[in-house]
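Got chain A; can you put chain B on it based on the hints?
Residue numbers (this note's numbering), protein chains in the order written: chain A, 1 to 331; chain B, 1 to 331.
No wet-lab data here; the hints were simulated from the structure.
The C-beta atom is built at its ideal place from N, Cα and C for all residues, glycine as well.
Where hints are given, some of them may not hold.
To be verified - Okay, derived cross-link-like pairs now, DSS-like style, lysine-lysine, Cα gap no bigger than 27 Å in a straight line:
id : chain 1 : residue 1 : chain 2 : residue 2
1  : B       : Lys238    : B       : Lys284
2  : A       : Lys180    : A       : Lys29
3  : A       : Lys226    : A       : Lys2
4  : B       : Lys200    : A       : Lys2
5  : A       : Lys287    : B       : Lys29
6  : B       : Lys226    : A       : Lys2
What the hints assert, rightly or not - Covered by chain A, according to a simulated footprint, are these stretches of chain B (three or more residues, beta-carbon under 8 Å):
id : segment
7  : 175-186
8  : 268-279
Said to hold, decoys possible - With the C-beta cut set under 7 Å, the calculated list includes, among others, these residues of chain A facing chain B:
id : residue
9  : Glu17
10 : Tyr107
11 : Ala108
12 : Leu192
13 : Met230
14 : Thr231
15 : His267
16 : Tyr274
In case you want the letters, here they are:
There are 2 protein chains.
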Amino acid sequence: MKKFINDPYDVVDEMVEGFVDVHKRYVRKLDAARVLVRADAPVKNKVGIVSGGGSGHKPAFIGFIGQGMLDAVAVGEIFTSPPPLACFEAAKAVSGGKGVLFLLGNYAGDVMNFQLAADMARAEGIQVEQAISTDDVASAPKEEVSKRRGVVGSFLGWKTAGAKAASGGSLQECKAAVEKVNRSTRTIGVALSPCTVPAKGTPTFTLAEDEMEYGVGHHGEAGTAKIKMMTADAIAEKVVTEVIGDLPFRAGDEVALMINGLGGTPHIELYICYRKVRQILDAKGIKIGLSYVGEFFTGLEMAGFSVTLTKLDQELKGLLSAPADTPYYRI
Amino acid sequence: MKKFINDPYDVVDEMVEGFVDVHKRYVRKLDAARVLVRADAPVKNKVGIVSGGGSGHKPAFIGFIGQGMLDAVAVGEIFTSPPPLACFEAAKAVSGGKGVLFLLGNYAGDVMNFQLAADMARAEGIQVEQAISTDDVASAPKEEVSKRRGVVGSFLGWKTAGAKAASGGSLQECKAAVEKVNRSTRTIGVALSPCTVPAKGTPTFTLAEDEMEYGVGHHGEAGTAKIKMMTADAIAEKVVTEVIGDLPFRAGDEVALMINGLGGTPHIELYICYRKVRQILDAKGIKIGLSYVGEFFTGLEMAGFSVTLTKLDQELKGLLSAPADTPYYRI
Chain A
1 MKKFINDPYD VVDEMVEGFV DVHKRYVRKL DAARVLVRAD APVKNKVGIV SGGGSGHKPA
61 FIGFIGQGML DAVAVGEIFT SPPPLACFEA AKAVSGGKGV LFLLGNYAGD VMNFQLAADM
121 ARAEGIQVEQ AISTDDVASA PKEEVSKRRG VVGSFLGWKT AGAKAASGGS LQECKAAVEK
181 VNRSTRTIGV ALSPCTVPAK GTPTFTLAED EMEYGVGHHG EAGTAKIKMM TADAIAEKVV
241 TEVIGDLPFR AGDEVALMIN GLGGTPHIEL YICYRKVRQI LDAKGIKIGL SYVGEFFTGL
301 EMAGFSVTLT KLDQELKGLL SAPADTPYYR I
Chain B
1 MKKFINDPYD VVDEMVEGFV DVHKRYVRKL DAARVLVRAD APVKNKVGIV SGGGSGHKPA
61 FIGFIGQGML DAVAVGEIFT SPPPLACFEA AKAVSGGKGV LFLLGNYAGD VMNFQLAADM
121 ARAEGIQVEQ AISTDDVASA PKEEVSKRRG VVGSFLGWKT AGAKAASGGS LQECKAAVEK
181 VNRSTRTIGV ALSPCTVPAK GTPTFTLAED EMEYGVGHHG EAGTAKIKMM TADAIAEKVV
241 TEVIGDLPFR AGDEVALMIN GLGGTPHIEL YICYRKVRQI LDAKGIKIGL SYVGEFFTGL
301 EMAGFSVTLT KLDQELKGLL SAPADTPYYR I
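Isolated chain A (complex conformation) (with noise of 0.2 Å):
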């Protein structure tokens, strides 16, 4: 294991300290647990829109603080859910009021600790609800939707309700925004090499020079089959054709596209694959309205990438392309 850091088990708070540190502008840490909220938190009268997760997937979660997307992150160790504590130390520093929405990828940890974090919130008198993301197409059938882990779909979920709190949105139709954009997004991952967690310092999983994961997740969890090599425009192919296949998306509809580099492809590779999806959506009649090619959720080093498509509407469309100011994303 390669890596620049310092004891394997000080990773994340030594992160946290430089972020903060670089980003004070946006975020600000909280004394009582490990959570970073925005600087000017709690905003009144507005739904407190609150995430968390393991660390390790930059500029996920906390890149995305600012106004119109996240006002707190509960940070956990890598790969690591946050501990219920810190989940609801984050509702209490973000309740302006109106109520928080908990975002969430659907993973055991996760789900088990903001339910806890809820519950505590609402004795607390603090109104909580819950929206979980379930966009990656390779981690169950279609017939078993809530059981498919959430991956890199979340942030599209992080900026509507995000934009839906910021226009004055209720708690309710923050998460109805936030559902609607769940239901309409889908997204297979493909990696050509697995990442290294720290305090564990062994790959993932292991690929041969001739292989790919297909239907990798964002923690280096191994994919759904191993695949020889291809070209980019192969396997651009193969995987926009698995994602249009599971909503279906049709003839006529207009979509955001998204090409997520899980970390350690470069951008040159994402441009080229974004190229081929472009030309089956074309040929297919599938409208771009919205596109993003960059890194938004990573596996740490991992070499990869994943296709997300998700149906616009008006409501979706609008909410995607609103104003947003974070360390990571602005618009």
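Leaving out everything else, chain B in the frame of chain A:
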């Protein structure tokens, strides 16, 4: 070599096609050459700011085309200078009547090709000046600063020149500003892994499991020494101590501090290194006026980071803090 590419010789053209499609609000491609320019180029009565160089450095160079930064970029093959004709076409396309400033790194091919392009542009009546960045401390001794390579300090030059031009500065004023930032800037990089140029197919250098490449450039050139792995704090201290000593930076100075990821290093590690550098600067009485952590100039998937310090004065701080709106940098 495991990469998401098609024919290695099509990598740059296919990337450009994808990039322009995603970022068409900001950029368009010239028909005459592989040059990207601001969507609204030429901007009348503004100095045109042109850069260019090899590809593989994303977000540099093309990610920084837009208001307040670059007007045009001549796009070379991976790690290869763009041809003189492309640089010339770039100059013509952004000439708005106040002259054109070429900003380039100190590499033989770039220097030669931009010089030829400058001659061609002048022959057509376009006023052209050049400024060459030389911030890489490791590439030549202090007594031979003019032989040093330009690395990520170039980003600060683009920002400075772009802001000066946007504020109505003359060609000479833009050149003077970027020369000042170059004189005030020092960088050293260190790598944990090399990168692989697609058309070559083999890594640019080799490293043992317990080694780092010290003084590396962003083309995967071998650095000045192979050194043993050490903690993040130890390598951050070694790098920043050499950077501080070169200018030298002194107690009471205000600086811009940049921790630039070279491509394959997770941001979590960059913030850990930032934290240590900040502690060292604090202890020395050097004040951080501006801070940058992330990827500004990479070498494909190379794992590594660099530390850059720029001595600020009121003018430079103002220019670096002025508005910019580009695909990869907004302020």
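**Item:** Numbers of the earlier hints that this structure fails to satisfy, in rising order
**Value:** 2, 7, 10, 11 and 13
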